[in-house]
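K.L.:
So the chains spell out like this:
Number of protein chains: 2
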Amino acid sequence: MASLIECVPNFSEGRRPEVIDEIVGAVRQIDGVTLLDFSRDETHNRSVVTFAGPAESVVRAATAAVGRALQLIDMEQHVGAHPRIGAVDVIPFVPLGGTRLAECVDLARRFGEQTAKLFDVPIYLYGEAALRPERRRLADVRRGQYEGLKAEIGSNPDRAPDYGPQHLHPRGGAIAVGARKPLIAFNVNLDSEDVALAKRIAHSVRESSGGLPAVQAMGVLLENPGERRYAQVSMNLVDWERTGISRVVREIRQLARAAGTDIHHCELIGLAPTGALLEVASDALGLRGFSPDQALELRLARDR
Amino acid sequence: MASLIECVPNFSEGRRPEVIDEIVGAVRQIDGVTLLDFSRDETHNRSVVTFAGPAESVVRAATAAVGRALQLIDMEQHVGAHPRIGAVDVIPFVPLGGTRLAECVDLARRFGEQTAKLFDVPIYLYGEAALRPERRRLADVRRGQYEGLKAEIGSNPDRAPDYGPQHLHPRGGAIAVGARKPLIAFNVNLDSEDVALAKRIAHSVRESSGGLPAVQAMGVLLENPGERRYAQVSMNLVDWERTGISRVVREIRQLARAAGTDIHHCELIGLAPTGALLEVASDALGLRGFSPDQALELRLARDR
Chain V
1 MASLIECVPN FSEGRRPEVI DEIVGAVRQI DGVTLLDFSR DETHNRSVVT FAGPAESVVR
61 AATAAVGRAL QLIDMEQHVG AHPRIGAVDV IPFVPLGGTR LAECVDLARR FGEQTAKLFD
121 VPIYLYGEAA LRPERRRLAD VRRGQYEGLK AEIGSNPDRA PDYGPQHLHP RGGAIAVGAR
181 KPLIAFNVNL DSEDVALAKR IAHSVRESSG GLPAVQAMGV LLENPGERRY AQVSMNLVDW
241 ERTGISRVVR EIRQLARAAG TDIHHCELIG LAPTGALLEV ASDALGLRGF SPDQALELRL
301 ARDR
Chain Y
1 MASLIECVPN FSEGRRPEVI DEIVGAVRQI DGVTLLDFSR DETHNRSVVT FAGPAESVVR
61 AATAAVGRAL QLIDMEQHVG AHPRIGAVDV IPFVPLGGTR LAECVDLARR FGEQTAKLFD
121 VPIYLYGEAA LRPERRRLAD VRRGQYEGLK AEIGSNPDRA PDYGPQHLHP RGGAIAVGAR
181 KPLIAFNVNL DSEDVALAKR IAHSVRESSG GLPAVQAMGV LLENPGERRY AQVSMNLVDW
241 ERTGISRVVR EIRQLARAAG TDIHHCELIG LAPTGALLEV ASDALGLRGF SPDQALELRL
301 ARDR
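So the sequences go chain by chain: V and Y.
The letter at position 175 of the first sequence is residue 175 when you use the numbering used here, and the numbering goes up by one with no holes.
The letter at position 181 of the second sequence is residue 181 when you use the numbering used here, and the numbering goes up by one with no holes.
Hints are supplied without guarantee of correctness; some may be wrong.
[Stated by the list, open to error] Just some of the chain V residues that point at chain Y, by a computed CB distance under 8 angstroms:
#	residue
1	F38
2	M218
3	L221
4	T274
5	G286
6	R288
7	G289
8	E297
9	R299
10	A301
Calculated directly from the structure, the hints in this document are not laboratory data.
Predicted model, so just to flag it, every value in this text is computed and none were measured.
Just so you know, even glycine gets a beta-carbon here, dropped at the ideal spot from N, CA and C.
Please model the entire structure based on the sequences and the hints provided.
P.N.:
See below:
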């Protein structure tokens with residue numbers, strides 16, 4: 001089976017729905033690509049489109065989306081709260097199914113080089129695809145944003161793009177292209193309204209304060225109209241093969257119980273790799289000798 | 001997306017591997033079909049081939065397999081321990097992914113009618129596809145086996161086929177064609193060697209003795225060379241949407257604990273619908289608002 005890849009481009013336009021419709025339409029036209037999601041944020045003046053398919057189809061769809069965005073979005077006019085360097089601000093490629101991250105790294109670099117040539121736009125490689133170690137973190141690539149990069153790109157060698165011209169695209173700015181593992185947005189709601197407890201638990205489990213690897217976490221108070229309030233540990237699991245859902249839930253359950261409460265329920269936000277959910281099933285049952293290939297539809301998807 | 005269907009034909013040949021290779025080869029030649037498994041049983045002189053794909057591809061592959069089997073297997077020569085009425089003894093169609101059982105019922109009937117015409121072979125519809133209520137159980141269709149059916153088919157109206165001639169195919173006999181839900185073979189190994197306890201638990205959980213709906217269960221002693229022995233509750237879950245894996249495991253855990261022991265580990269035999277495993281994950285986490293569509297690769301497989 002062809003490598004299955006997800007692509008999640010972010011566009012610096014969240015206020016004109018017709019523009020996002022045009023971009024989404026360009027993606028939809030590509031054979032073999034499945035549009036998984038798109039969301040538009042007026043406050044951040046930014047949109048995110050998620051699609052997936054075999055590598056070559058995904059590249060064609062991403063190229064089509066960049067083409068439309070460069071025609072329709074003018075960074076000289078753009079304002080919004082979210083950091084950004086271009087009309088197509090960032091394009092991550094994500095491995096799905098049995099695809100390896102290394103394939104997405106190759107793809108990101110190849111796509112970056114082609115896109116730079118095709119549209120005469122500067123490309124910065126970030127994440128696992130970065131060619132310079134100081135560009136691994138997207139925040140470092142975006143430093144100074146569109147306006148700062150515009151001032152520095154031609155003169156500061158540290159800001160020279162990996163591919164493309166030594167100046168911004170006149171309307172579209174620059175594009176960060178990268179590769180990363182799939183991310184799981186997962187919340188644990190405690191049987192408690194004690195947001196301080198949720199914050200303490202988040203502090204204990206997140207990597208940045210010495211907790212579990214590849215876990216980002218924060219404690220918040222969840223308030224839904226007409227429903228009780230929950231202290232919530234809100235997380236991104238950025239590499240579920242290092243720290244999976246079961247592991248982090250087990251840890252949180254222990255900490256909650258030690259504080260005299262418990263987990264009330266959990267929430268999975270958006271999509272997650274099927275393998276991460278099958279691991280939860282296998283852990284819960286204590287399955288011996290289980291392989292994700294035993295999941296029928298997954299096996300079929302792999303073999304087709 | 002086209003309906004995804006599994007097909008599990010059983011052939012009355014388990015001693016000549018070259019015959020099964022020919023049949024499997026005929027299935028493999030069909031575009032769009034994935035061969036999932038095949039197994040050959042010398043004692044029962046019988047083989048089972050499992051493949052899946054879109055409805056039309058599966059029909060083509062099943063037709064090709066029937067064609068080869070009718071050429072290569074002669075029921076007049078067949079002996080074996082397993083009940084059978086023909087060279088292709090039984091062909092169940094099973095819904096996968098979002099496919100409904102009703103589609104498999106339609107498909108089984110359509111396939112039965114076509115196959116009867118194409119090969120001049122009598123077809124009996126069974127399971128959910130049965131046209132006569134007394135043919136729902138496969139055992140009733142197979143009553144008297146090949147030899148008994150041969151004697152009765154032309155004279156006893158109760159044994160008249162649903163499609164095809166009022167006589168057996170000269171070499172191939174008759175074929176039972178049906179539709180059923182996917183079946184999960186699942187074992188729970190107790191932290192105990194007490195097979196009597198496993199038998200008591202099996203008796204408690206199986207439908208036939210008043211337990212959980214759509215559960216078949218028996219208690220056995222599992223002995224693997226070089227490993228400790230386990231009292232095992234060995235099960236078929238024949239409709240996981242009625243009784244799922246979590247439910248039956250919860251029940252068995254309760255009964256095991258009441259008897260002073262516990263579950264040691266579980267085993268999933270062969271393939272299971274991904275939905276049944278995602279349900280286990282969702283139950284284990286107490287997920288709110290979860291949908292199988294949140295499993296990325298599954299969602300993609302559905303939309304393609």
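K.L.:
Now tell me if each hint is right for this structure.
P.N.:
Do the hints match the structure? See the list:
1. F38: violated, 14 angstroms
2. M218: violated, 19 angstroms
3. L221: Since the shortest Cβ distance to chain Y is 17 angstroms, the answer is violated.
4. T274: Holds - the Cβ of T274 of chain V comes within 8 angstroms of chain Y, reaching about 4 angstroms at its closest.
5. G286: holds, 4 angstroms
6. R288: holds, 5 angstroms
7. G289: Holds: closest Cβ of chain Y sits about 7 angstroms from G289 of chain V, inside 8 angstroms.
8. E297: holds, 5 angstroms
9. R299: Cβ of R299 of chain V sits 7 angstroms from chain Y, so the hint holds.
10. A301: holds, 4 angstroms
In this structure, the hints that do not hold are numbers 1, 2, 3, in rising order.
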